[in-house]
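Visitor: The chain contents come next:
2 protein chains.
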Amino acid sequence: MDIHELTRGLNVDNQSKIVLVVSDGLGGLPLRPGGKTELETARTPNMDALAERGVSGLMFPVLPGITPGSGPGHLGLFGYDPLKYTIGRGVLEALGIDFDLGPKDVAIRGNFCTVDETLAITDRRAGRIPTEKCVELVKKLRAVRIDGVELFVEPVRDYRFVLVLRGEGLEGDVDDTDPQRVGAKPLAPKARTPGSRRTAEIAAEFVRQAREILKNEHPANMLTLRGFARKPPIPTMKEVYGLKAAAVAVYPMYRGLARLVGMTMLPPMATVEDQVAALKKNWDEFDFFFFHYKYTDSTAAMKPAVLIVTGDHSTPSKLKSHSWHPVPVVLAADTCRTDEVKQFGESHCLRGGLGQFEARYLLTLALAHAERLQKFGA
Amino acid sequence: MDIHELTRGLNVDNQSKIVLVVSDGLGGLPLRPGGKTELETARTPNMDALAERGVSGLMFPVLPGITPGSGPGHLGLFGYDPLKYTIGRGVLEALGIDFDLGPKDVAIRGNFCTVDETLAITDRRAGRIPTEKCVELVKKLRAVRIDGVELFVEPVRDYRFVLVLRGEGLEGDVDDTDPQRVGAKPLAPKARTPGSRRTAEIAAEFVRQAREILKNEHPANMLTLRGFARKPPIPTMKEVYGLKAAAVAVYPMYRGLARLVGMTMLPPMATVEDQVAALKKNWDEFDFFFFHYKYTDSTAAMKPAVLIVTGDHSTPSKLKSHSWHPVPVVLAADTCRTDEVKQFGESHCLRGGLGQFEARYLLTLALAHAERLQKFGA
Numbered sequence: 001m002d003i004h005e006l007t008r009g010l011n012v013d014n015q016s017k018i019v020l021v022v023s024d025g026l027g028g029l030p031l032r033p034g035g036k037t038e039l040e041t042a043r044t045p046n047m048d049a050l051a052e053r054g055v056s057g058l059m060f061p062v063l064p065g066i067t068p069g070s071g072p073g074h075l076g077l078f079g080y081d082p083l084k085y086t087i088g089r090g091v092l093e094a095l096g097i098d099f100d101l102g103p104k105d106v107a108i109r110g111n112f113c114t115v116d117e118t119l120a121i122t123d124r125r126a127g128r129i130p131t132e133k134c135v136e137l138v139k140k141l142r143a144v145r146i147d148g149v150e151l152f153v154e155p156v157r158d159y160r161f162v163l164v165l166r167g168e169g170l171e172g173d174v175d176d177t178d179p180q181r182v183g184a185k186p187l188a189p190k191a192r193t194p195g196s197r198r199t200a201e202i203a204a205e206f207v208r209q210a211r212e213i214l215k216n217e218h219p220a221n222m223l224t225l226r227g228f229a230r231k232p233p234i235p236t237m238k239e240v241y242g243l244k245a246a247a248v249a250v251y252p253m254y255r256g257l258a259r260l261v262g263m264t265m266l267p268p269m270a271t272v273e274d275q276v277a278a279l280k281k282n283w284d285e286f287d288f289f290f291f292h293y294k295y296t297d298s299t300a301a302m303k304p305a306v307l308i309v310t311g312d313h314s315t316p317s318k319l320k321s322h323s324w325h326p327v328p329v330v331l332a333a334d335t336c337r338t339d340e341v342k343q344f345g346e347s348h349c350l351r352g353g354l355g356q357f358e359a360r361y362l363l364t365l366a367l368a369h370a371e372r373l374q375k376f377g378a
Numbered sequence: 001m002d003i004h005e006l007t008r009g010l011n012v013d014n015q016s017k018i019v020l021v022v023s024d025g026l027g028g029l030p031l032r033p034g035g036k037t038e039l040e041t042a043r044t045p046n047m048d049a050l051a052e053r054g055v056s057g058l059m060f061p062v063l064p065g066i067t068p069g070s071g072p073g074h075l076g077l078f079g080y081d082p083l084k085y086t087i088g089r090g091v092l093e094a095l096g097i098d099f100d101l102g103p104k105d106v107a108i109r110g111n112f113c114t115v116d117e118t119l120a121i122t123d124r125r126a127g128r129i130p131t132e133k134c135v136e137l138v139k140k141l142r143a144v145r146i147d148g149v150e151l152f153v154e155p156v157r158d159y160r161f162v163l164v165l166r167g168e169g170l171e172g173d174v175d176d177t178d179p180q181r182v183g184a185k186p187l188a189p190k191a192r193t194p195g196s197r198r199t200a201e202i203a204a205e206f207v208r209q210a211r212e213i214l215k216n217e218h219p220a221n222m223l224t225l226r227g228f229a230r231k232p233p234i235p236t237m238k239e240v241y242g243l244k245a246a247a248v249a250v251y252p253m254y255r256g257l258a259r260l261v262g263m264t265m266l267p268p269m270a271t272v273e274d275q276v277a278a279l280k281k282n283w284d285e286f287d288f289f290f291f292h293y294k295y296t297d298s299t300a301a302m303k304p305a306v307l308i309v310t311g312d313h314s315t316p317s318k319l320k321s322h323s324w325h326p327v328p329v330v331l332a333a334d335t336c337r338t339d340e341v342k343q344f345g346e347s348h349c350l351r352g353g354l355g356q357f358e359a360r361y362l363l364t365l366a367l368a369h370a371e372r373l374q375k376f377g378a
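Protein chains in written order, with this note's numbering: chain Y, 1 to 378; chain L, 1 to 378.
Certain hints may be false.
To be verified - Facing chain L, from chain Y, some residues (calculated, C-beta under 7 Å):
(1) Ile66
(2) Thr338
(3) Lys375
(4) Gly377
(5) Ala378
Just so you know, the hints here were simulated from the structure itself, not pulled from any lab data. A quick note: this is a predicted structure, and the numbers were derived from the prediction, not measured. Glycine included, C-beta positions come from ideal geometry on N, C-alpha and C.
Starting from the given sequences, assemble the full structure and let the hints guide the process.
Guide: Written as structure tokens, this is what we have:
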């Protein structure tokens, strides 16, 4: 029996609220042995108060030593085993622009780039063209026509766009065309499986027609395609956890991830204050709120049964990237077994009552503390 | 390879003794943040001495956030994955009255209830009739005869009884007849699989004859049937751990669970003193003793190679029920890596050398510390 079979049978609706606050990339490293981490250095009176009232710990986003991208990082937080449900980058990008992906669609992330007369890439991001320019170019790309497949081209931001192929017999196992370095030519799309050959052919034809359309543009005179993927079949949070869930998130990527597990999107908002206002306004309508933000030590007036603050992965400034280091987490509820932690930081959380655990168990812990899970077995 | 395949190949008999003391529902919560738990408040000089000599930790009975019933709680302690081996309610109830269930028997939990003239239930527990009345009614129900199947009706307690169907071709996937609310009629027993149709037919006929027998009784003039189940196929502790195991337990439920994994039952006993005497008397006959008791801080004279004290689940007085909070555990053996824990309590065990772990690994830890497991691999 897997954990979702278990929770499907045990969850109860008791009208309690659960708020999961995800601070992007929370968790870091001291710059010197014995030093303090970024979080330990910051002044965080609100989160410290939460740590005192709640129970703390450290979470492995996936498994010890595994550095997660935002996809696996969030799936874990939402209570899905990130090794069981894998999401291609194209799918993430499409979900992030509110694109309604069908189950057979192949989604691809596109980047505008700059090439010289030999087709060698001179700028992989086409000078980071503004989004308005991206929108304009995407409109031109909609002139591409390929027999037997419906094409959708949608702008994302700056030099990024999404291409979706809709048709029969398309699979997503196709290599990126981005050579990942300046000076090389874009690669031909290459199928890794027989079932993906048709996808590769369509992608190649799309690139050919697109190059014709773009060749006199500057600096975005070419494109690369990455992250070919189909949407994975994934049960909703309502199905497996009995939660009517809403996402209060600004960035498309996180909105897309939340939509993948069936969350309702609250309208896009620009600031943390807007997000808090959206939370208040929709308080009665949902059981669970996923609140994603770039870090600040803020507090809100609502009183959920369970309030969790954590991150989707560590991002030590020393490494200047996502990392595998376990992420601090604090869970506050009247039902928690409090610990000695009175400050929210990595070294304090290490001594917390939640111990070190895999992120995919966070949701069962949240449900338990909200008294939304019945006893298992007699 | 699962853990049992591993231990089957590695276990050795070295005549060492292992004693697992399970204190019912050990583990709780502080009433206020920063306060002490029930266990931390209690005076426990014997267990504190054990903690000082041994290695401590906290156990998840099933997984983080999952509250176990006594069934899954004990299966974990006995070294069985409680998500792999699930026990139906009827089986637990039958085991709990020392009923010797056969491998093909279907066990069902029965409740006497009260219905009005339209057969609508007015009291799902028949006014909680006393056990003596239950015994009397059960005797009357033994008059029921159904072709091709042997029926056993046994009283449990108050309004509860057990019905066992013994015959060929009976499976246990049948829905409860209890509508779970007052005002509704008992449901017809409904098979969820073709293999369970015969069971459903027999149950329907049993209910029909039973209603005739009970119709002039008051208040128990009807019954409902719940938790249809067969005994799960489960290897014995001798098979997977090489242990000749005995149960020293007072309550039927725990005796039943121990019998399920092949333990020998020492005769029922009324007090902890009786239990200790039974342990002494049978010391040479067994390798492993499961000693279940309602909490006291006691000590015994025997010197097992490994002595473990723990609980089957937490039961915080604040929640007045089983809970998901991890359960304190201490393991004392000459082979253990001692830690700094000198007091047996939740916050101390949190800092113990066993860390936090799933209960299903307790038995391998016990075997290891008893030097009953060989090296795995060359």
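Visitor: All hints are to be evaluated individually against the structure, with a verdict given for each.
Guide: Going through the hints against the structure:
1. Look at Ile66 (chain Y): its Cβ only gets to about 19 Å from chain L, farther than 7 Å, so that hint breaks.
2. At its closest, the beta carbon of Thr338 (chain Y) sits 4 Å from a beta carbon of chain L; the interface hint therefore holds under the 7 Å criterion.
3. Look at Lys375 (chain Y): its Cβ gets to within about 5 Å of chain L, closer than 7 Å, so that hint holds up.
4. For Gly377 (chain Y), the suggested interface contact is upheld, since its CB lies about 4 Å from the closest CB of chain L, less than 7 Å.
5. Annotation: interface hint on Ala378 (chain Y) holds; nearest CB of chain L at approximately 5 Å, less than 7 Å.
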